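Protein sequences appear in the order of chains A and B. Position one of the first sequence corresponds to residue 44 (my numbering), numbered consecutively onward. Position one of the second sequence corresponds to residue 9 (my numbering), numbered consecutively onward.
In case anyone wonders, no lab produced these hints; they're calculated from the structure. Given the structure is predicted, the values throughout are model-derived calculations rather than measurements. In this text, a Cβ means the ideal position worked out from N, Cα and C, and glycines have one as well. Take the hints with a grain of salt, since some may be wrong.
[To be verified] A short list of chain B residues far from chain A (calculated; beta carbon distances all over 10 Å):
| no. | residue |
| --- | --- |
| 1 | E52 |
| 2 | I88 |
| 3 | P110 |
| 4 | W235 |
[To be verified] With a straight-line Cα cutoff of 20 Å, these simulated EDC-like cross-link-like pairs (lysine to aspartate or glutamate) come out:
| no. | chain 1 | residue 1 | chain 2 | residue 2 |
| --- | --- | --- | --- | --- |
| 5 | A | K110 | B | D256 |
| 6 | B | K259 | B | E248 |
| 7 | A | K115 | A | D73 |
| 8 | A | K107 | B | D256 |
| 9 | A | K84 | A | E45 |
| 10 | B | K200 | B | E257 |
| 11 | A | K84 | A | E69 |
| 12 | A | K107 | B | E293 |
| 13 | A | K111 | A | E87 |
| 14 | A | K111 | B | E263 |
| 15 | A | K111 | B | D256 |
| 16 | A | K110 | A | E69 |
| 17 | A | K61 | B | E263 |
| 18 | A | K61 | A | E77 |
| 19 | B | K87 | B | E177 |
| 20 | A | K111 | B | E257 |
| 21 | A | K107 | A | E87 |
| 22 | A | K107 | A | D73 |
| 23 | A | K111 | A | E60 |
| 24 | A | K110 | B | E263 |
| 25 | B | K79 | A | D113 |
| 26 | A | K110 | B | D303 |
| 27 | A | K107 | B | E177 |
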Amino acid sequence: MEIKILGPGCSRCSATEKLVMDVLGETGVDANVEKVTDLMKIAEYGVFGTPAVVIDGQVKCVGKIPKKEDVKTWIGK
Amino acid sequence: MRDRYYLLVIVGVFLAAYYIPWSAPLIRQSGLEAFLMLQEYAREHVLTCLIPALFIAGAIAVFVSQAAVIKYFGPGAKKILAYSVASVSGTILAVCSCTVLPLFAGIYMRGGGIGPATSFLYSGPAINVLAIVLTARVLGWKLGLARAIGAVGFAYLIGLCMHFIYRKEEKNRESKNFYLPDEEDKIRPLWKDVVYMATLVGILIFAAWGKPAAPVGFWMAVWEVKWYITIGFLILLGMELFFWFRRDEMKSWGESTWGFGKQILPLLFGGVLVAGFLLGRPGHEALIPEKWIQDLVGGNSLWANLFSSIAGALMYFATLTEVPILQGLIGSGMGQGPALALLLSGPALSLPSMLVIRSIIGTEKMLVYSGLVVVFSTVAGMIYGAWIG
Chain A
44 MEIKILGPGC SRCSATEKLV MDVLGETGVD ANVEKVTDLM KIAEYGVFGT PAVVIDGQVK
104 CVGKIPKKED VKTWIGK
Chain B
9 MRDRYYLLVI VGVFLAAYYI PWSAPLIRQS GLEAFLMLQE YAREHVLTCL IPALFIAGAI
69 AVFVSQAAVI KYFGPGAKKI LAYSVASVSG TILAVCSCTV LPLFAGIYMR GGGIGPATSF
129 LYSGPAINVL AIVLTARVLG WKLGLARAIG AVGFAYLIGL CMHFIYRKEE KNRESKNFYL
189 PDEEDKIRPL WKDVVYMATL VGILIFAAWG KPAAPVGFWM AVWEVKWYIT IGFLILLGME
249 LFFWFRRDEM KSWGESTWGF GKQILPLLFG GVLVAGFLLG RPGHEALIPE KWIQDLVGGN
309 SLWANLFSSI AGALMYFATL TEVPILQGLI GSGMGQGPAL ALLLSGPALS LPSMLVIRSI
369 IGTEKMLVYS GLVVVFSTVA GMIYGAWIG
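Just chain A, same shape as in the assembly (with noise of 0.2 Å):
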């Protein structure tokens, strides 16, 4: 699973990283994380906010910090 985390590195940002490391690490579940903080390549995606999670190439929310529940459904745990 490719998951990438869309953000130019405030702290909301950040904090969504640790949020999907913590739930990754907690269900067990293996995936390549990575950080995009250029701005032009978050562009590329469409999204209009940040922090924004992808995973496989799909945009999972915009503009928020999730819930890590909703990080559960979305790794399909």
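The hints should help you fit chain B onto chain A, whose structure is shown.
Only chain B this time, still in chain A's reference frame:
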């Protein structure tokens, strides 16, 4: 790398401590001015103005739906609406570069195009609530109002100019799918949110009510009862929070207010100290001789306005620090026109932000954008200076 950086800092501090003639009267005077200016801020502006304004900024960040605003920037949105929303959206969306730059890149690449994108880019940092409120409070309501009007008007104009200059490129921009920030669930009718915001603004206005110069008339009558009115609003706010809001909402309001405070207050206090050290309070001389400032940016000449708008465009002002710096400059003899020019070009542009903007829209467009900001700021400064002076 980090260790080397610390070493440089320590060596720098050591050299400064060793060589600066701390006992010279001018340095002592400047140091004293720095702390007197800090005290002035602590006594006059923090409790009655900054703290309520921080709570308002926090409330806007949590309770105003960003998705509702951002949808006007999408590729399908009406142009005129896109410009109008972009030029006032700074009040609602900005304060954090977290939102401004990704959104700018998004609007440029996928949404309304370069026009609305630059409108938004300019208005974002230029008209946030905190900046306007503190400007009006410290530098006078005329300059605060001129800043607010100038910032909204400029956002419109600069966006339209950019669109006009690059209208040929606009046509073949791709419009693929785009994603707006997710709507938060609504639990209150809109009017309750409006009343709550109005209560917060009421607290700010009456707590910050200044003592009028002459003890007569309406302003004085309000001044005499301002604390009763403020307390009335505070009780009202307490009731609204108790009956209308859930606990977790209040918690996230508190958290976002604290977030802004943490981000802004240390920078502002540092800025006040530096401004006090270099420029002194109004009427008091400090390190930089007043004559230099009067020669460079005194009066309302074209040169003075141009110089201060270029200086503002290149310099980096951390959020709100432009206010104490301008207070020092005006106190040392800067003209009203150049002051407005600096307020209009300063927060919107800086050397670092130019580099980021360049990476998104390219060197040429970045230079055109910066040029427009400098020219418009200079003109606005001259008009305002002529009108006030």
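List of violated hint numbers, smallest to largest: Violated: hints 3, 11, 12, 13, 22, 25, 26, 27.
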